[in-house]
Amino acid sequence: MVTPDVALVTGVFTRKSIERIAHEAFKLAMSRRKKVTIVHKANVIRLAFGLFRDICYETGKKYYPEVKVEDVLIDAMAARLVRRAGDFDVIVTENLFGDILSDLAGELAGSLGLSPSLNTNGKQAMAQAAHGSAPDIAGQDLANPTSMLLSAVMLLQ
4 MVTPDVALVT GVFTRKSIER IAHEAFKLAM SRRKKVTIVH KANVIRLAFG LFRDICYETG
64 KKYYPEVKVE DVLIDAMAAR LVRRAGDFDV IVTENLFGDI LSDLAGELAG SLGLSPSLNT
124 NGKQAMAQAA HGSAPDIAGQ DLANPTSMLL SAVMLLQ
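Position one of the sequence shown corresponds to residue 4 (the numbering used here), numbered consecutively onward.
Please note that the accuracy of each hint is not assured.
Below are the DSSO-like pairs computed for lysine-lysine, each with C-alpha atoms no more than 30 Å apart in a straight line [stated by the list, open to error]: (1) K37 to K19; (2) K30 to K64; (3) K64 to K126; (4) K30 to K19; (5) K71 to K126; (6) K65 to K19; (7) K65 to K38; (8) K44 to K30; (9) K38 to K64; (10) K19 to K71.
Quick list of simulated restraints, FRET-style, between CB atoms [claimed, not checked]: (11) N46 to V12: 13 to 23 Å; (12) V9 to A155: 39 to 49 Å; (13) V9 to K37: 43 to 53 Å; (14) L50 to A146: 40 to 50 Å; (15) N46 to T123: 36 to 46 Å; (16) Q143 to K65: 45 to 55 Å; (17) R23 to Q143: 36 to 46 Å; (18) D92 to L158: 33 to 43 Å; (19) D57 to R35: 15 to 25 Å; (20) R83 to G113: 43 to 53 Å; (21) Y66 to N124: 13 to 23 Å; (22) L107 to A155: 16 to 26 Å.
Derived from the structure by calculation, the hints contain no laboratory data. Cβ coordinates follow ideal geometry from the N, Cα and C atoms, glycine included.
Build out the structure end to end from the sequences listed, making use of the hints.
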């Protein structure tokens with residue numbers, strides 16, 4: 004809080020972290036349909052998201068030339084994901100946009116309760132269900148374990 008009426012939000016984008024996530028995205032794409040979509044907001048936040056977009060492209064071109072790469076602005080991506088989710092293979096973005104898009108994709112698949120989640124830094128990993136605590140069904144023995152089971156599968160992979 005700069006003042007009681009002003010809060011600042013900052014993000015840190017480093018070449019090392021961007022390259023790490025880009026490699027993961029491209030490696031995954033190599034085992035799938037060989038297509039990566041970079042999601043960003045470089046039209047407004049030029050330096051940070053421009054760096055993210057550019058390093059993802061560099062990583063793909065240098066190490067994974069057979070993978071098709073496109074980039075899409077986050078607002079357009081949300082609309083495209085709703086209209087044509089099947090057009091996408093691997094989506095790479097930063098944390099905030101990834102959190103929003105993964106919840107959207109979970110709902111498109113039928114429920115957040117079906118969405119797996121994995122957090123990793125390359126040395127450690129933690130699997131968790133993508134959904135929250137579901138207080139609307141608490142105590143009713145209605146929980147669906149699909150998300151947790153799929154998360155465990157991702158952890159083992």
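Hint check results:
no., hint, result
1, K37 to K19, "23 Å, holds"
2, K30 to K64, "13 Å, holds"
3, K64 to K126, "25 Å, holds"
4, K30 to K19, "16 Å, holds"
5, K71 to K126, "28 Å, holds"
6, K65 to K19, "15 Å, holds"
7, K65 to K38, "15 Å, holds"
8, K44 to K30, "24 Å, holds"
9, K38 to K64, "12 Å, holds"
10, K19 to K71, "22 Å, holds"
11, N46 to V12: 13 to 23 Å, "18 Å, holds"
12, V9 to A155: 39 to 49 Å, "43 Å, holds"
13, V9 to K37: 43 to 53 Å, "46 Å, holds"
14, L50 to A146: 40 to 50 Å, "44 Å, holds"
15, N46 to T123: 36 to 46 Å, "30 Å, violated"
16, Q143 to K65: 45 to 55 Å, "52 Å, holds"
17, R23 to Q143: 36 to 46 Å, "41 Å, holds"
18, D92 to L158: 33 to 43 Å, "21 Å, violated"
19, D57 to R35: 15 to 25 Å, "24 Å, holds"
20, R83 to G113: 43 to 53 Å, "19 Å, violated"
21, Y66 to N124: 13 to 23 Å, "20 Å, holds"
22, L107 to A155: 16 to 26 Å, "23 Å, holds"
Violated hints, in rising order: 15, 18 and 20; the structure is consistent with all others.
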